[in-house]
Amino acid sequence: MHNGRNSQIKLTLEVVKWEFNRWFKLKDQIITLLISALISLLIFGGKALIEKFSDDKVELVIINSGVLPIKLSNESKIELIKKEFAETDEQKKLLAKKEIGGILILNDIDNIELTVNKEPAWLGELQKALTSARQQIKLKQSNISQEQLKNIFQQAQIKMNYTETKREESSTGEKVSAGIFIGLMLLGVFFGLSYQFVAITGEKQLRITEVIASAISPKTWINGKILGISLLSIVLLVTSVLSTVVFIIVSSIFRSGWSIPLSITNPLLIVALFILSISGFLLWNTFFSAIAATINDPNTSARSSLMMVPVIPVAIAFYALGDPDSLVMKILSFFPLTSSPVLSARLVLTDVSFIEILLSLILLIVTIWYLRKAAGIIFSLSILMYGKEPSWKEISKWIRESRK
Amino acid sequence: MKNSDEILKVDSIRKQFGKITAVNNLSFSINRGEIFALLGPNGAGKTTIVRMLMDIIKPDEGIIEFYLNENKNSRIPLASELGYLPEERGLYQEIPIIKTLTFMGVIRGMIKKQAEKSAEEWLEKLELYERKNEKLSTLSKGNQQKVQFISSVLHNPSFAVLDEPFAGFDPINQEAFLMIIKELRDKGTTILLSAHQMHLVERIADRVLLLNNGKKIAYGTVDEIKKDFSSGEKIIINVESIPDLSLLQNDDAVEKVESINDTEVKIFLKQNKSLSGLLNKAASNYTITSVETEHISLHDIFIERISKDKGESNA
Numbered sequence: 383m384h385n386g387r388n389s390q391i392k393l394t395l396e397v398v399k400w401e402f403n404r405w406f407k408l409k410d411q412i413i414t415l416l417i418s419a420l421i422s423l424l425i426f427g428g429k430a431l432i433e434k435f436s437d438d439k440v441e442l443v444i445i446n447s448g449v450l451p452i453k454l455s456n457e458s459k460i461e462l463i464k465k466e467f468a469e470t471d472e473q474k475k476l477l478a479k480k481e482i483g484g485i486l487i488l489n490d491i492d493n494i495e496l497t498v499n500k501e502p503a504w505l506g507e508l509q510k511a512l513t514s515a516r517q518q519i520k521l522k523q524s525n526i527s528q529e530q531l532k533n534i535f536q537q538a539q540i541k542m543n544y545t546e547t548k549r550e551e552s553s554t555g556e557k558v559s560a561g562i563f564i565g566l567m568l569l570g571v572f573f574g575l576s577y578q579f580v581a582i583t584g585e586k587q588l589r590i591t592e593v594i595a596s597a598i599s600p601k602t603w604i605n606g607k608i609l610g611i612s613l614l615s616i617v618l619l620v621t622s623v624l625s626t627v628v629f630i631i632v633s634s635i636f637r638s639g640w641s642i643p644l645s646i647t648n649p650l651l652i653v654a655l656f657i658l659s660i661s662g663f664l665l666w667n668t669f670f671s672a673i674a675a676t677i678n679d680p681n682t683s684a685r686s687s688l689m690m691v692p693v694i695p696v697a698i699a700f701y702a703l704g705d706p707d708s709l710v711m712k713i714l715s716f717f718p719l720t721s722s723p724v725l726s727a728r729l730v731l732t733d734v735s736f737i738e739i740l741l742s743l744i745l746l747i748v749t750i751w752y753l754r755k756a757a758g759i760i761f762s763l764s765i766l767m768y769g770k771e772p773s774w775k776e777i778s779k780w781i782r783e784s785r786k
Numbered sequence: 085m086k087n088s089d090e091i092l093k094v095d096s097i098r099k100q101f102g103k104i105t106a107v108n109n110l111s112f113s114i115n116r117g118e119i120f121a122l123l124g125p126n127g128a129g130k131t132t133i134v135r136m137l138m139d140i141i142k143p144d145e146g147i148i149e150f151y152l153n154e155n156k157n158s159r160i161p162l163a164s165e166l167g168y169l170p171e172e173r174g175l176y177q178e179i180p181i182i183k184t185l186t187f188m189g190v191i192r193g194m195i196k197k198q199a200e201k202s203a204e205e206w207l208e209k210l211e212l213y214e215r216k217n218e219k220l221s222t223l224s225k226g227n228q229q230k231v232q233f234i235s236s237v238l239h240n241p242s243f244a245v246l247d248e249p250f251a252g253f254d255p256i257n258q259e260a261f262l263m264i265i266k267e268l269r270d271k272g273t274t275i276l277l278s279a280h281q282m283h284l285v286e287r288i289a290d291r292v293l294l295l296n297n298g299k300k301i302a303y304g305t306v307d308e309i310k311k312d313f314s315s316g317e318k319i320i321i322n323v324e325s326i327p328d329l330s331l332l333q334n335d336d337a338v339e340k341v342e343s344i345n346d347t348e349v350k351i352f353l354k355q356n357k358s359l360s361g362l363l364n365k366a367a368s369n370y371t372i373t374s375v376e377t378e379h380i381s382l383h384d385i386f387i388e389r390i391s392k393d394k395g396e397s398n399a
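Protein chains in written order, with this note's numbering: chain A, 383 to 786; chain B, 85 to 399.
Derived by calculation from the structure, the hints in this document are not laboratory data.
No residue lacks a Cβ here, since even glycine has one placed at the ideal position from N, Cα and C.
Careful: at least some of the hints might be erroneous.
Unchecked claim - Quick list of simulated restraints, FRET-style, between CB atoms:
1) B:E348 / A:W774: 28 to 36 angstroms
2) B:G304 / A:K775: 26 to 34 angstroms
3) B:A260 / A:N403: 39 to 47 angstroms
4) B:N153 / A:K712: 33 to 41 angstroms
5) B:G117 / A:S687: 47 to 55 angstroms
Said to hold, decoys possible - Straight-line distance between alpha carbons at most 20 angstroms, and here's what the computed SDA-like set of lysine to any residue pairs gives:
6) B:K183 / B:L210
7) A:K770 / B:G102
8) A:K601 / B:L210
9) B:K219 / A:Q587
10) B:K183 / A:F406
11) B:K197 / A:R404
12) A:K601 / B:I141
13) B:K310 / B:K196
14) A:K409 / B:E218
15) A:K399 / B:E200
16) A:K399 / B:K196
17) B:K196 / A:Q390
18) A:K399 / B:Q177
19) A:K399 / B:G304
20) B:K142 / A:E783
21) B:K103 / A:S773
22) B:K219 / A:L588
23) A:K407 / B:E178
24) A:K392 / A:K601
25) A:K779 / B:M282
26) B:K392 / B:E218
27) A:K601 / A:I452
28) A:K464 / A:V440
Only chain B is shown next, with the shape it has when bound in the complex (with noise of 0.2 angstroms):
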């Protein structure tokens, strides 16, 4: 049974190459206008889920469902509601960047002026206008991963899949291209996207699933999966000589402790543990020169559930 706000539900897929497992009976639905990111390490199935979705693969099993348009009794999309930006990125070197964009967005559905007005004004907009009957060849990669985003969105589509949309550009371009998405998401366009970059995808994502080895780790808002994640908060310390650290493991409000340097300690509180008794036994027994205190991130998140599903499958 659909949620009236699911734009796509996936039942129970699985995917097999060879012996490897790629995606293990996964489920998980994406809802209408939302941000969701698709996190894992390397290997942990994400692209041959994209694949999926994208059509470009078949599930061995399980079903998946797009609800894009309302009116429509379909649920296979059609290629002019879908965005694709492949984490294998790759477009015409030799051919003008505008022809490129506007047989993409011919081959999307869009008629070719339409197609080749929507380029203009996204070249405009990443400041490439100037550079539009360049080969693509001549562009710096940033550049050249601009274009190619473009090519992914230039059409409007209502759910765009963005693998890796930040890799290849400085901070300054990561924060332009995270203002974009949720740009494009303010527009109506649903994303979702798979990146490696924990703090950049904690700021935009609405949700989550988290994967290792082809299957689901953690799921849902990114507060619920803080709230689920047995630490409450991180805290770390800065003392003058090497701590003892066993001392600071064996107390009862102590998740895990972890030696950053010489001087430096992070230590993950359990939830609803009182920092101030952790803080008296450790000045009692260290010289403190700072104390820090820190949310926990998505990406403190990731390293603990991976590192205890690696650690799960081993025993």
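Bound-form chain A, shown alone (with noise of 0.2 angstroms):
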């Protein structure tokens, strides 16, 4: 049977998106992200609200307040009240009805005490306080001025002379975005993990794969899973975005210090990105539908755990953000099998030659290539094998035989 070359690409392309229609829900997707809002909400609005309606003060009588001048900023909750004489039964009694909030003794400045009822939340603010008052009293007595003590804390200064171009250390905001790459990398291994091992393992449960395998030859439709199935990993990555943006924005409405870390601005770097992405989709999609197609029943077969492999190249791009410019980067930027997170994160993070990517990216290529051929092989032998596992020795026979 066959369908000519111009009809397999065609069918390909059917199948792309049949795969992708298959498990692709708008409907879920706005809700994941009204809920990501709604979620987002709950937590600022909240926390928001939460905290406007608990800004009473808390009185703190102070004994001795002379002893230091403690300065609190305008914001803080603790409200001073000055008692020049000690403490009294009146007072511990006011403590335990929890009218005030505690007794501060200032007997000298290395002799302070404190009486609460149980630790306060304000009790770091405090401490930083009389801290500071206690430092400038000791300034004071040292005859040392604020200048002189900063100039006997300050590092030794380096003046660095490079003799190549050095790019500049990378900047936290650099760091979170590689590392928000590189989390999003092993999510949409996760998503094409989930997805192909459900839809090729389901198909052979059901048995549809021989009504398929009479219709398309397996090569038309493993390209067609994988393609689809990559696409779709992608589009749920969007909607992880969106709605991480949607939970950022949020944030920032009710103040809450979050930003969008915008380090990543070149197109350049977006392009490199985005080709090494879909690269490295494409090579674990392969992957996955390979060793799928092999299970005879996921929930008993051991090769289920197979599956899982893809995430260890992902997450050693992760020690990346530490030292990116390390040999063992450097190596790991051309192993196909690591190079498509590993060599994103650099990209972020450091500066790589156009060689070193174009290299990287046609060592990658080839990799899925060879890759694909020897999926497709084990993917049209095993999706017909029911009852029964492929053993590997079968299937590197397969491999052999079919270069022959």
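Take the two lone chains and join them into the complex the hints point to.
Put into structure tokens, the structure is as follows:
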């Protein structure tokens, strides 16, 4: 049975559409975004609301306030009530009734007592204010000016001279961006893993494979599956990114201090990252489809755990955040199984030469090509095997024989 | 050399799975516009043959050639020219029926609108149109079978392979499908069917290939096979008490005697032998309460030939 070359491309696209539409539900994606907005509202709006209703000042009775001149910020919830005599039973009664938050006794600058019912939330703020006041007194006593003190604790200054043009140290924003990017890739791997696994083992279990295999070649089928589910992974990732953006926007409305790291602004960098992500998804989905085709029963097969293997190279890429220019990371940028996430992280964090990027991409694409061929052979022979899983020996024999 | 009517020519095919020979040096041909039945007990090699015809597996030896389009030199059929209802049924359970059927039409070479229209027409014909947007899992087993059948023929194939098309249907639906298969044939689709319901196969098959252990046991039209069968007619006699079967078995006219129950005996007559002599002998020895004559059925031939083949293999 054959379909002709043009028809093969057309059929592959039909399978891509089928696989994508089979799993993609626009309604679900909209609901995800709405839930994300709702959760953000609940978290940040709720926090703002709680803060609004809990702005009661805490009264702190301070005895001998002249010992340390405590300065609190205007926003501080601590209200100091100065008393110049020792604590009395009456004040203790007020504390027991929670009408005051505590009694602070300044005996001298190194002898301070605080009586409270239990550890208060404002202790850190009070500690900071007391330390600052004590430092001021000690400075005065030592006759050292603020400038002199600053000078004493200043770091040794090194004037750097570089023989090569050196890129600046990765900023926190860049590290966050690279981290988010690797995280998204990891998420994409999980999307591909789950959908490819369910799609193929499901078809095998429902005995759909024979009907399809009689109409289209296994090569067309697997190509369509790999492309369709890779596309689905990307679209689901976009939804995840949008959900995160919604989360950040809502948080910024309530001024929670979050912001979108915008260090990835170079269009060429975005194109390179896009190509690397697509290549990575294609590589991993090819791997998933080949493994899934050999699984007879997903609930009992030991091979199900193999589907997790592509998580490893993505996880390794997180090490690039620490030292993107290390020899190990440079080697992993060329190794096809790790190059997609590692090189992506390095592109964001450091300078990578064009030749390095090109060579890495060529190696990756060649690997995808051969892996796809091997996956096609495994897929075509495994997909109709019911009740038995092919052994590794059988699989390697199929691949060897296909080369003849 | 191909006969001008032949749409499929299978020449000396062999398929081995490990130590088991599933199909052994088998040759046959199917003519344009006929209903060809592939019969045999479980494990005879029917499904292996069907899978080889559908290019799902390759024969180890031998040639399979299709002549579906007179104007085409290629002996490899297009997916659009073939229809396939596999024995192992299966379709997407959680997808609306119309979507699955449209996809099946599209991968068989139809354009989407055409596939959808054809699917709707078939659903209408099989009284499932109202449920076209429902998931397959919501249908009864019989109705799921109907959808599976539609998926194999909605693209109007030149050649359709129907493996156990009557399985899972009640007698009324079996009759209905008998008519549908005939209609398909009348519209120009050549049909290869594999089924266990001999009484139904006998009514629609133009030619039959009977297999056992991957080998040909009988091949030809139903009439030809019946003619070749050693027995001529079949009579069923009812007697008052348990008869002595050896008396009947030793008669010259008798091919075989089978006891159906305590009072009923089935007698297969040799070809061209008269019934009257045997009946006289029976009447003088037993009290006969009734006599029925029946034509030899495909079922009888199937049982006889398979038993004979097993006997020969064991010997």
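Comparing the hints with the structure gives:
Under the hint 28 to 36 angstroms, the C-beta atoms of B:E348 and A:W774, about 60 angstroms apart, miss the expected range. One distance hint, 26 to 34 angstroms for the beta-carbon pair B:G304 and A:K775, is violated here, with the actual separation near 45 angstroms. A hinted range of 39 to 47 angstroms for the beta carbons of B:A260 and A:N403 is inconsistent with their spacing of about 33 angstroms. For the pair B:N153 and A:K712, the supplied restraint of 33 to 41 angstroms is violated, since their beta-carbon distance comes to about 59 angstroms.
The beta-carbon spacing between B:G117 and A:S687, approximately 54 angstroms, falls within the hinted interval of 47 to 55 angstroms. Between B:K183 and B:L210 the CA atoms are separated by roughly 17 angstroms; this keeps the pair inside 20 angstroms, and the hint holds. Proposed proximity of A:K770 and B:G102 is supported: the alpha carbons are some 14 angstroms apart, at most 20 angstroms. Among the hinted pairs, A:K601 with B:L210 is inconsistent with the structure: their alpha-carbon atoms are about 34 angstroms apart, more than 20 angstroms.
A distance of roughly 17 angstroms separates the Cα atoms of B:K219 and A:Q587; the hinted pair therefore holds under the 20 angstroms criterion. For the hint linking B:K183 to A:F406, the alpha-carbon distance of about 14 angstroms falls within 20 angstroms, and the restraint holds. At most 20 angstroms may separate the alpha-carbon atoms for a hinted pair to count; B:K197 and A:R404 meet this at roughly 19 angstroms. Between the alpha carbons of A:K601 and B:I141 the distance comes to roughly 15 angstroms, so the proposed pair stays at or under 20 angstroms and holds.
Only pairs whose Cα atoms come within 20 angstroms are accepted, and B:K310 paired with B:K196 is rejected, the gap being roughly 47 angstroms. At roughly 18 angstroms between alpha-carbon atoms, A:K409 and B:E218 fall within 20 angstroms of each other, so this suggested pair holds. This hinted pair checks out: A:K399 and B:E200 have alpha carbons roughly 16 angstroms apart, not beyond 20 angstroms. Restraint check for A:K399 and B:K196: satisfied, since their Cα atoms lie roughly 12 angstroms apart, inside the 20 angstroms limit.
With a C-alpha separation of about 16 angstroms, the suggested pairing of B:K196 with A:Q390 holds against the 20 angstroms cut-off. Between A:K399 and B:Q177 the alpha-carbon distance is near 18 angstroms, which keeps this suggested pair within the 20 angstroms criterion. At roughly 46 angstroms between alpha-carbon atoms, A:K399 and B:G304 are farther apart than 20 angstroms, so this suggested pair is violated. Taken as a hint, the B:K142 and A:E783 pair is honoured in the structure, with Cα atoms around 15 angstroms apart against an allowance of 20 angstroms.
Note on B:K103 and A:S773: the hinted pairing holds, with a Cα-Cα distance of about 18 angstroms set against a maximum of 20 angstroms. With a C-alpha separation of about 14 angstroms, the suggested pairing of B:K219 with A:L588 holds against the 20 angstroms cut-off. A distance of roughly 13 angstroms separates the Cα atoms of A:K407 and B:E178; the hinted pair therefore holds under the 20 angstroms criterion. Distance hint between A:K392 and A:K601 is fulfilled; the C-alpha atoms sit about 13 angstroms from each other, no more than 20 angstroms.
For the proposed pair A:K779 and B:M282, the alpha carbon gap of about 42 angstroms is over 20 angstroms, so the pair is violated. Distance restraint check for B:K392 and B:E218: the Cα-Cα separation of roughly 50 angstroms exceeds the 20 angstroms cut-off, and the hinted pair is therefore not satisfied. At most 20 angstroms may separate the alpha-carbon atoms for a hinted pair to count; A:K601 and A:I452 exceed this at roughly 77 angstroms. Using a Cα cut-off of 20 angstroms, the hinted pair A:K464 and A:V440 holds, with the two alpha carbons roughly 14 angstroms apart.
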